[in-house]
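Asks: Below, each chain spelled out in residue letters.
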Amino acid sequence: MNEFLTQYAFLIVPIIKIALLVFVVLTVDAYLTWLERKVIAHIQARWGPHRVGPHGLLQPLADGVKFIFKEDPIPANADKVAYFLAPFITLMLALTSLAVIPFGPQKFTLWGYESTVGIADVNISLLVLFAITALGVYGIALAGWGSNSKYSLLGGLRSSAQMISYELSLTLSVVGVLLIAGDFSLRNIVEQQGTTGSGLLTWNIFPQIVGFTCFFISAIAETNRIPFDLPEAESELVAGFHTEYASMKFAMFFIAEYTSMISISCLATILFFGGWLSPFPAAWTFTHYLPSLILIPFGLWVIYDGIRYENIFGRILLPGVGTAFAGIGAALLVFPTINGLVQGPFWFFAKVFIFLFVYIWMRGTLPRFRYDQLMSFGWKFLLPVSIANVVLTATVILWRMR
Amino acid sequence: MTASLVIFFVLAALAVLGAVSLILQRHPIHSALSLIVVMVALAGLYLLLGSEFVAAVQIIVYGGAIMVLFVFVIMLLNDGEEERTNFSKLATFAGIPLAVAIAGFIGAAILSSSSTLPAATANGSLTSSKTLSMLIFTDFVYPFELTSFLILVAILGAIVLAQREN
Amino acid sequence: MVPTTYYIVLSAILFGLGIVAFVFKRNIITLFMAIELMLNAVNLAFVAFSRALGKPNGEVFVLFVIVVAAAEAAVGLGIIILTARNRRSLNVERANLLKL
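Chains as they are written, first to last, in the working numbering: chain A, -18 to 383; chain B, 6 to 171; chain C, 2 to 101.
Don't read these hints as lab results, they were simulated from the structure.
Bear in mind the structure is a predicted one, so any value in this text is a computation, not a measurement.
Backbone N, C-alpha and C fix where the C-beta goes; we use that ideal spot for every residue, glycine too.
Every clue listed holds true.
Residues from chain B that face chain A, not an exhaustive set, calculated with beta carbons under 8 Å:
id	residue
1	E57
2	A61
3	I65
4	G68
5	A70
6	V73
7	V76
8	M80
9	S134
When you get a sec, could you build the whole thing from the sequences and use the hints?
Replies: Following this line, the structure appears as structure tokens:
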């Protein structure tokens, strides 16, 4: 058995990592929908889901059950190939984009196979991500066309045109980071930002603030979120390209949208905010206790909130969850080796969470762009600014090389 | 039967199936989807040959821009499926033997020269993007500037063609 | 390792299929796609030879071929849209106004 494992370790270890990652990402997607509904509700001075479980925590489960049992009508004269292929393409590409993202700096060997924290470590991971973004247009175009409905076709073509317009400024705004780092590999970009170990000051956000702004705005347009979601807004074209999709296929589009949000947030942290690097200088070793310092009070607060909850289910579930958080925090304090391993992924997930919160915050606060405003903003403002950023960065680098 | 041989046959079969599907499909949108499958399979073959940058550029430019253009045009000019007409007698009686003869000629040329080609490909090394960019900006800088001029001309042409008649 | 001959044979097969598609299809956009298939087959031959000879020059040329194909596709599809609007059909056999 052990021999079989060592001989085929190059297949088995990635499969285990893929299974783990897909499971974690799908759970995070589900609870991201919960977080979005709660945050938007609180911005709009109401509560959001609070009936299904304690604080509405089981709402994603209820939504999942609904999606499975709902009727799945297919429009008449729909192009079967395009109609069935579109949600698969979108979901497959969104999940594949997570394969090249590095989550932490460690390399570990399992059954004689050395691997990194992250599924694949390729030299061109940034180009792979752009390739996947470029192919994502097809899911939307085919969805709009395959539904054999005028609303869907218009919504699909508008959304695809928006995506390919903002893809240009997305790729150009990253070129500044590439010039500074000199490498396409995301792992090397993060490591190059942390060479001096002085924490926050060496991150790419300071030389590339213009690049980051262009990148983030283009990324929001790529993922079709507010303020750029005219093609799928409910008050405009019914629901745009996914009007005629119901239950499981609509759930696939939904999951794909949230997964691409997660992937873009991971990319933004890696490229501009130092990935898994801590914002504090490496000399301040007392900051290694920060994860425990956050988890233990949070766990205690959840226990305190759960004890006085209104129904009995909440009074059992919430203290359980709170004890789990506080227990993990205490375990990190007691075992310093595990604490060292957790540092990189902790900062990575904290930064990704902040970006996701900004995404949700913008959805609750901003109005939508009109379609012609959207296109002129992309072509007449963002593209020239991205090109100017590239030229400026190249000039500064050449001037410094003298 | 090494792993790279297996991967080569899988990708080659995918590319050939995509090309055959391009011929056999009736609606042009399905032909476009088959061509996209061919391009992704070819990108996989470029990766197998060690040129990672060309593989990425193939997917980004060919698969993500050129084929999107084709798909948009097909969706906008929705002409429907092709009609079935009979081929002329000349095409069947003269064309097919001629095609077989040309294929045989090319096959013979390839097989006779296979002994002079370097034995195998891909000793496992990758062509780094740095090598390619050094070549583009030193030896091939003149064709590079010419292609950028060509793209400018193409953009101007597309704008002129897209103008409405006043 | 995969011998270079296999790649060249595959490139020839794809090129041949592109020619067959170009000869037998009637929709003008499908003809255009057959041209793109032929260009791709040639690209594969370029990259295979570049790897066999050990120099990256072939890959640089592939990049130029891709760029030229993009420019040609853009302008060609623009022309196709205009002529299709005038003629109201995408069938190349209908373009027979000059026939005797």
